[in-house]
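Asks: As given, the protein sequences belong to chains G and P, one line each in that order.
Heads up: the first sequence begins at 0 in numbering that gives the first Met the number 0, then just goes up one per residue.
Heads up: the second sequence begins at 0 in numbering that gives the first Met the number 0, then just goes up one per residue.
No lab work stands behind these hints, which were simulated from the structure alone.
Here the structure is a predicted model, which is why all the values come from computation and not from measurement.
Careful: at least some of the hints might be erroneous.
[Unchecked claim] Computed far set for chain P versus chain G, every beta-carbon distance over 10 Å:
hint: 1; residue: Glu71
hint: 2; residue: Val76
hint: 3; residue: Val89
hint: 4; residue: Ala94
hint: 5; residue: Asp178
hint: 6; residue: Ala180
hint: 7; residue: Ser294
hint: 8; residue: Val322
hint: 9; residue: Glu324
hint: 10; residue: Ala376
[What the hints assert, rightly or not] Cβ-to-Cβ under 8 Å is the rule here; a few derived chain G residues that face chain P:
hint: 11; residue: Thr31
hint: 12; residue: Asp32
hint: 13; residue: Arg36
hint: 14; residue: Val37
hint: 15; residue: Val38
hint: 16; residue: Gly42
hint: 17; residue: Leu65
hint: 18; residue: Arg66
hint: 19; residue: Leu74
hint: 20; residue: Lys92
hint: 21; residue: Arg95
Each residue gets a CB set at the ideal place from its N, CA and C atoms; glycine is no exception.
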Amino acid sequence: MSEPKPLGRDDVAHVARLARLSLSEAELEMFTDQLARVVDHAGDIAALDVESVPPTAHPLPVRNVLRPDEPRPGLDRDEVLAAAPDSEAGRFKVPRIVGEAP
Amino acid sequence: MRPPAGIDGGAGDGGAGGAGGNRGAGDSATGDAVARGSGATDWETVVGLEVHCELKTQTKLFCCCKNAFGDEPNTNVCPVCLGLPGSLPVLNAFAVELAMRIGAALHCEVRPSSFHRKNYFYPDMPKDYQISQYDEPINVGGWLDLPDGSRVRIVRAHLEEDTGKTTHQGESGRIHAADYALVDYNRAGVPLVEIVSEPDIRSSAQARRYVTELRAVLVATGASDGRMEEGSLRVDANVSVRRAGTTAYGTRCEIKNLNSLRSLGRAIDYETARQIALLEATGVVDQETRHWDESGGRTIPLRSKEEAFDYRYFPEPDLVPLVPEAEWQARAAGSVGLLPSARRQRLVGLIGGAPSAHQVDQVDVVVAQGLDDLVVAAVAQGAPAELALVRAANELAADLDAALALDPGSFAQLLTMEAQGALTATQSKAVLAELIAAGGGDPAGIAAEKGFEALSQSSLAAVVREVVGANPEEWARFLAGEDKLAGFFTGQVMRATGGKADGKAIAAELRRLRR
Numbered sequence: 000m001s002e003p004k005p006l007g008r009d010d011v012a013h014v015a016r017l018a019r020l021s022l023s024e025a026e027l028e029m030f031t032d033q034l035a036r037v038v039d040h041a042g043d044i045a046a047l048d049v050e051s052v053p054p055t056a057h058p059l060p061v062r063n064v065l066r067p068d069e070p071r072p073g074l075d076r077d078e079v080l081a082a083a084p085d086s087e088a089g090r091f092k093v094p095r096i097v098g099e100a101p
Numbered sequence: 000m001r002p003p004a005g006i007d008g009g010a011g012d013g014g015a016g017g018a019g020g021n022r023g024a025g026d027s028a029t030g031d032a033v034a035r036g037s038g039a040t041d042w043e044t045v046v047g048l049e050v051h052c053e054l055k056t057q058t059k060l061f062c063c064c065k066n067a068f069g070d071e072p073n074t075n076v077c078p079v080c081l082g083l084p085g086s087l088p089v090l091n092a093f094a095v096e097l098a099m100r101i102g103a104a105l106h107c108e109v110r111p112s113s114f115h116r117k118n119y120f121y122p123d124m125p126k127d128y129q130i131s132q133y134d135e136p137i138n139v140g141g142w143l144d145l146p147d148g149s150r151v152r153i154v155r156a157h158l159e160e161d162t163g164k165t166t167h168q169g170e171s172g173r174i175h176a177a178d179y180a181l182v183d184y185n186r187a188g189v190p191l192v193e194i195v196s197e198p199d200i201r202s203s204a205q206a207r208r209y210v211t212e213l214r215a216v217l218v219a220t221g222a223s224d225g226r227m228e229e230g231s232l233r234v235d236a237n238v239s240v241r242r243a244g245t246t247a248y249g250t251r252c253e254i255k256n257l258n259s260l261r262s263l264g265r266a267i268d269y270e271t272a273r274q275i276a277l278l279e280a281t282g283v284v285d286q287e288t289r290h291w292d293e294s295g296g297r298t299i300p301l302r303s304k305e306e307a308f309d310y311r312y313f314p315e316p317d318l319v320p321l322v323p324e325a326e327w328q329a330r331a332a333g334s335v336g337l338l339p340s341a342r343r344q345r346l347v348g349l350i351g352g353a354p355s356a357h358q359v360d361q362v363d364v365v366v367a368q369g370l371d372d373l374v375v376a377a378v379a380q381g382a383p384a385e386l387a388l389v390r391a392a393n394e395l396a397a398d399l400d401a402a403l404a405l406d407p408g409s410f411a412q413l414l415t416m417e418a419q420g421a422l423t424a425t426q427s428k429a430v431l432a433e434l435i436a437a438g439g440g441d442p443a444g445i446a447a448e449k450g451f452e453a454l455s456q457s458s459l460a461a462v463v464r465e466v467v468g469a470n471p472e473e474w475a476r477f478l479a480g481e482d483k484l485a486g487f488f489t490g491q492v493m494r495a496t497g498g499k500a501d502g503k504a505i506a507a508e509l510r511r512l513r514r
C-alpha cells in the first residue's frame with residue numbers, strides 16, 4: 000500500500016472553504032496540526048493486515064430497515080414557518096441565491 | 000415550466016458560427032446522420048443521458064410525508080424532510096420495490112447497496128446534503144433496446160431523494176437579478192431513481208427516442224407517471240463530439256435544465272454545433288456544466304471544471320445497508336408489467352394485418368401514454384380495434400388524466416354504436432368527451448340527451464333527394480363528374496339535418512344516386 004500524502008495546510012483551507020468556515024492564519028495552523036494527527040491515527044490501519052476483512056459500510060450488524068409506504072400527517076405549516084427567520088406566501092424566504100442548484 | 004413555442008428543431012442558429020450543418024437534425028428523418036463541420040471532416044456526436052425519475056409512491060423516500068405534486072407549499076413536511084435536529088430517516092420499502100422494478104425492466108443486476116450524503120450549500124435541501132447512492136447503487140449494468148433497433152447500455156439506476164423547489168423573486172424573475180428566493184419543501188425527500196446511460200447515443204433524434212422509450216418503460220412498470228411537464232422526468236445530457244471513425248471520447252459538457260423532449264433535442268444539436276466550431280477554431284473544448292436557455296435557444300456556462308462542486312460524499316450514518324433478499328427481488332421483477340415493446344406488439348395484433356404508418360404512430364402514442372390497457376379492454380368488450388386505437392391516440396390522449404380513468408365498457412359501447420352507424424363521428428366524439436369527463440357512463444343515454452338519434456337510412460335518403468332537387472344546377476355538374484361538389488351536398492344535408500347525418504352515409508347515398 001502506498002503512503003498517503005500527509006495532510007497539509009492547503010487541505011485544511013480547502014475543507015474549511017467547503018464548510019463555509021472562515022479561519023484565521025493561527026487557526027489554520029492549529030487545525031492543520033490537529034487534523035494531521037487525527038488522519039495519521041486513521042492511517043495506523045495501513046499497518047494491519049486487512050486482506051481477509053470485507054469493507055464495512057456500517058458498524059451495526061443490521062440491514063434493511065424499512066417502513067411501509069403509508070402517509071402520515073406532518074407538521075403544521077404555520078408552526079413550521081413561524082420557526083423560520085422569514086417567510087412569504089407559505090414559503091421559506093431565503094437570501095438571494097448566487098448561481099444555480101448543484 | 001414554459002410550454003414549447005416556436006419552430007421545433009432549429010439547431011445552433013447563430014450561436015456557434017459556421018458549424019450549422021446539422022441544423023434541425025433533431026426532428027428530421029435524417030437526424031441520425033453524422034454531423035458535418037464547416038471543414039471537410041465529419042464529426043460524430045456522443046451523448047450519455049442522466050434521467051431523474053420521480054417514483055409514484057404514496058410517501059417520500061425517508062419519511063411519511065405525502066408525495067404529491069401541486070399541493071399547497073410546505074404542507075407535506077415533517078422534521079425529517081425539513082432536516083430538523085434529532086430526526087432520523089427510515090427507508091420507504093415501496094420506493095425500493097419500484098427501483099428494483101426499474102432495474103428488472105432495464106436488465107440491471109440488483110446489488111447490495113448503501114446511501115451517502117452529498118454535501119452542498121443551497122437552500123433547496125434544508126439538511127445541506129442530499130441522501131443518494133454513491134459507490135454502491137441498487138441497480139448496476141443493463142440496457143434499453145429502442146424501437147429503431149439500437150441498444151443503449153445502462154451504467155446504473157440508483158435511489159436518491161429529490162430537492163425542494165426554489166422560486167427566485169425579483170423584478171426580472173431571473174436568477175442573477177433576484178432579490179430573494181422562496182422555498183417549498185413539499186418535493187424535498189420525494190423518491191427519485193436516477194438512470195445513467197453509457198455514452199451510446201449518437202444523435203439528438205436517438206436521444207429523444209431513448210427518453211421516449213425509457214419514459215414508456217417507467218410508466219409500464221408503474222414506477223412513474225412520466226409527466227415531463229410536471230418535472231416527474233428530468234434529463235441532463237453529457238455531450239461531446241469526435242472525428243467520425245475515431246474511438247476516443249472528446250471532452251464532454253453536461254447540459255442541465257432539459258424539461259422536454261424538444262429542449263433535449265435542440266440542446267444536443269446546439270451543443271454539437273458549438274463544440275465542432277470550437278474544435279475547428281481552437282482545437283479545445285473545456286469540460287463544464289452548461290445550462291439550456293430555452294428562449295435563447297442556446298447553452299450557457301454554469302461553472303467550469305475548476306469550480307466544480309466538491310460534494311464531500313460520505314456514508315450516511317443514519318441508514319443501514321440495503322440488501323434485498325432474493326425472494327423480494329424476484330417478486331419485484333415479477334410485478335413488472337408488459338414492457339412497451341410487448342405492448343406495441345399486442346396492439347398491432349388487435350388490428351390484424353400490417354399496420355399503416357398512421358397506425359404505427361397511433362400505437363406509439365397510445366403505449367407511450369399508458370392508454371393501451373384501456374384499448375385492449377375495450378376491444379375485448381366488442382369495440383372495433385382500429386376505431387378504439389384512433390380515438391385513444393387522439394381524443395383520449397388529449398385529455399390524458401381523465402381518460403386514464405375511463406371505464407372501458409362505456410368506451411367499447413360508444414365505439415360499437417359509432418361503428419354500427421347509430422352515431423356519426425362528430426356525435427361520437429361529443430359523447431366521448433362527456434364519458435371522459437365523468438369517467439364513464441351510458442353512451443346511449445348521453446346520445447339521447449343530446450338529441451343524437453341517428454337518421455334512419457330512409458329519412459337520410461329523403462333529405463338527400465330533397466337537397467338534390469333544390470339544387471339542380473349543382474347536381475348536373477356533379478353528375479358530369481365535378482366530384483368536389485360532393486362537399487357542397489354534404490354541407491347542405493348536414494344543415495338540413497342539424498348535423499345529425501353521418502358524412503360517410505351521405506357520401507354513400509350520393510354515390511348511389513349518381514349511379
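Asks: Taking the earlier hints as the rules, which of them does this structure contradict?
Replies: Checked against the structure, the hints that fail are numbers 1, 2, 3, 4, 5, 6, 8, 9, 11, 12, 13, 14, 15 and 16, while the rest are satisfied.
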